[in-house]
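Fit chain D to the known structure of chain C by using the hints.
Chains C and D, in that order, give the protein sequences. Just so we're aligned, residue 1 is where the first sequence starts under the numbering used here, counting upward by one. Just so we're aligned, residue 1 is where the second sequence starts under the numbering used here, counting upward by one.
In short, the hints are calculated from the structure, not lab data. Glycine included, every Cβ here is placed at the ideal spot set by N, Cα and C. Heads up, a few of these hints could be off.
Derived coverage of chain C by chain D (criterion: at least 3 residues anywhere in the stretch with Cβ under 8 Å from a Cβ of chain D; other residues may be distant) [as the list claims (entries may be wrong)]:
#1 125–132
#2 238–251
Label pairs and their computed distance ranges (CB to CB) [what the hints assert, rightly or not]:
#3 D:D126 / C:M190: 52 to 60 Å
#4 D:Q48 / C:L82: 28 to 36 Å
#5 C:I162 / D:P182: 54 to 62 Å
#6 C:R179 / D:K424: 31 to 39 Å
#7 C:L82 / D:L194: 38 to 46 Å
#8 C:R89 / D:L19: 13 to 21 Å
Take a look at the letters that make up each chain.
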Amino acid sequence: MDYFAQQLINGLVLGSIYGLIAIGYTMVYGIVGMINFAHGDVFMIGGFIALITFLLLVSTGLTAVPVILLIVILVSMAVTALYGWTIERIAYRPLRHSFRLAPMLSAIGMSFVLTNYSQVAQGARVKPVPPVITGGYTLHESADGFVIQLSNIQIVVVVTTIVLLAIFTWLVSRTRLGRDMRACEQDQTMAALLGVNVDRTISMTFVIGAALAAVAGLMYLLYYGLVDFFMGFVAGIKAFTAAVLGGIGSLPGAMLGGLAIGLIETFWSAYFSVEYKDVAAFSILIVVLIFMPTGLLGRPEVEKV
Amino acid sequence: MKAPSINTAKTASGIPALLKTACVNALIALVLFSLMVGVRTEAGSDGQLTYWTRFGEVASLVAAVFGGSIVLELLKQWIGPSGAEKLVPPAVRSGMSFVGSYLAPALLIFTLLVPVIFYDQRYILDLAILVLTYVMLGWGLNVVVGLAGLLDLGYVAFYAVGAYSYALLATNFGWSFWICLPLAGVLAAFWGVLLGFPVLRLRGDYLAIVTLAFGEIIRLVLINWREVTNGSAGISGIPKVSFFGLMTFNVSDPNYIAKVLHIATSSAYYKIFLYYLILGLCLLTAFVTIRLRRLPVGRAWEALREDEIACRSLGINTTTTKLTAFATGAMFGGFAGSFFAARQGFVSPESFVFLESAIILAIVVLGGMGSLVGIAVAAMVMIGGTEALRELDFLKQIFGPDFTPELYRMLLFGMAMVIVMLWKPRGFVGSREPTAFLKERRAVSSSFTKEGHG
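Bound conformation, chain C alone (with noise of 0.2 Å):
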């Protein structure tokens, strides 16, 4: 029981993490309808920077972790939007009505420039930091001698996912540009019509998607410890799994597809194989899409003769 109690904090951090990643794919899925192939590697790009700054921070002496993190965390949603909007506009947005293969087989080739991109600036091998933020609580200890634990880091993960959520659903429900966001969603050229500004909302869409991501690559690397130009084509496939399993389009399914692809890959991981975690989670998404075609929370599609 206690074993369990472990594996589901890990997994819900783990979960939170994909999330965070996930709600970039469905918001640019819902309004533009393509697949973001290289949201993985901003998100990789994010723990670049993040670890760029945080070394810069450290090296000019300042030794108080909140304030460097507080900084970390702006300049590296800020800079990763740059990379999510400078994407959009070379890459996407002269393909916006082209037919639908062009704009994917583009963002499959952004894809490869960023990992390459980061692979020839900041060198093969990983790098690795050291914890940052360290300690936490014991939550019960059984008689055999096991211990749940909570470590900071988890709580500042979870935290941090929470209160942008929050943000972000006050900014999608409340706001004129998540009104703006919506509407482009449901009709652009009926939007364009009642002078909503398309291509400024889509470009939006894409910065707030790399800034969301952004933060999962700096949660990643103080999670882990360590960052490397390849890892944005696995927490990708995975975060797009979640965003598909939840339901595509939809903002509240994906950070649900996030938290249960953690979980499954948690305890996949605890009670069978490490190995085969992967493909647990792959098999996972296939079955789901057997009987729901749609996902969790989607909208069937419904086609109109």
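Just chain D, lined up with the frame of chain C:
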């Protein structure tokens, strides 16, 4: 159908506007590159992170963006507003169609003659064999994506199934290539149907992600099922193909080709044989595809791509149609896979990553989805192009001896993929030859054909 263009194209005119755009772009580039390029991090020997700054590189990149955006803006003004239909003079158009109608036979004759011309240039033969392998894979995937309109991002799985079928059957049971080849095709087709069943109800991007997941599952199983596949170390010592069992290409064998035919010993024979083998497999693929397009099942595929609902209303069984498309495409992938295993003599899961699926899909889309000649040309450009990048040694003289062109190969490949998509989203061959027509046979622009919803 094109949605009305909503974005208002701002036509910058005049030098000040031009400079302003360039400055803004340079500023963006500065922010993008300052951290990622300007600060190089590296893990030291004691696990401590160190960094050093590279302001020179950032400055030159920003300058390049500044200059590049000026050139790009000038080019845009020079070519004129994009989207305008360009009038092609009739003489040029008839010339193009003349070239187009003779392109396929000319290419075929050239490919038949390649070993004759380059018989002693091992490198060119190797490259030609590689290109033909991708042509075959492209034509195989074309059945699924180009004809039936089912988006498959995990095609490499069938390639892997074919390769491992031959590798395992040949190393464990000593079966000959000529028995394993059809078996590999059948096994791959079986896996195609196995994948096809669950995804029958899925459409579009859901289909894409499930096929991608399927490809990853196959690869992960190949890595982790060590008892059978030997894990990531792969299987080596896969026997060579024999000349239909009559002659072999191993010097030590009594029926070695040079001994039987009383000619000089040379390793080039095997290369030439492999070349004609893959060429034969390619032609088989092309022949089957062309014939199938004229059969009811091929017409059903194309109808499915155009409109699934109409298809169903006309009484076409979409289940079997989709499954046959998956099985046929997978079978060709399996053939190509066992050829790959025989040629390399070694297979490992490294060869079957998502990148391969993406490359094959890019070849199909660049080739214009459905055009066999277009796909062959696209394979030549993509594979020949990336292989040529390996030979970028002259750049060492420009950037100094520390410059490693290998590193930039995939970066340039990705950029080329984006640029080609921006430039020709419909691929190199923009027209289709319909198989069914009323009165007059006419090539139609591929913007009229649908890509299917899966």
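Checked hints:
Counting residues of the region 125–132 of chain C whose beta carbon lies closer than 8 Å to any beta carbon of chain D gives 5, which reaches the threshold of three, so the coverage claim holds. Requiring three or more residues with a Cβ within less than 8 Å of a Cβ of chain D, the coverage given for the region 238–251 of chain C holds, as 4 such residues are present. At roughly 56 Å, the beta-carbon separation of D:D126 and C:M190 lies within the given 52 to 60 Å, and the hint holds. D:Q48 and C:L82 have their C-beta atoms about 30 Å apart, which keeps the hinted 28 to 36 Å range intact.
In this structure the hint that C:I162 and D:P182 lie 54 to 62 Å apart at CB holds, the actual value being about 58 Å. Range check, C:R179 to D:K424: about 37 Å between beta-carbon atoms, so the 31 to 39 Å window is met. Distance hint for C:L82 and D:L194: a CB-CB separation of about 44 Å, consistent with the stated range 38 to 46 Å. The hint said 13 to 21 Å for the Cβ distance between C:R89 and D:L19, and at roughly 19 Å that hint holds.
Every hint, counting from the list given before, is met by this structure.
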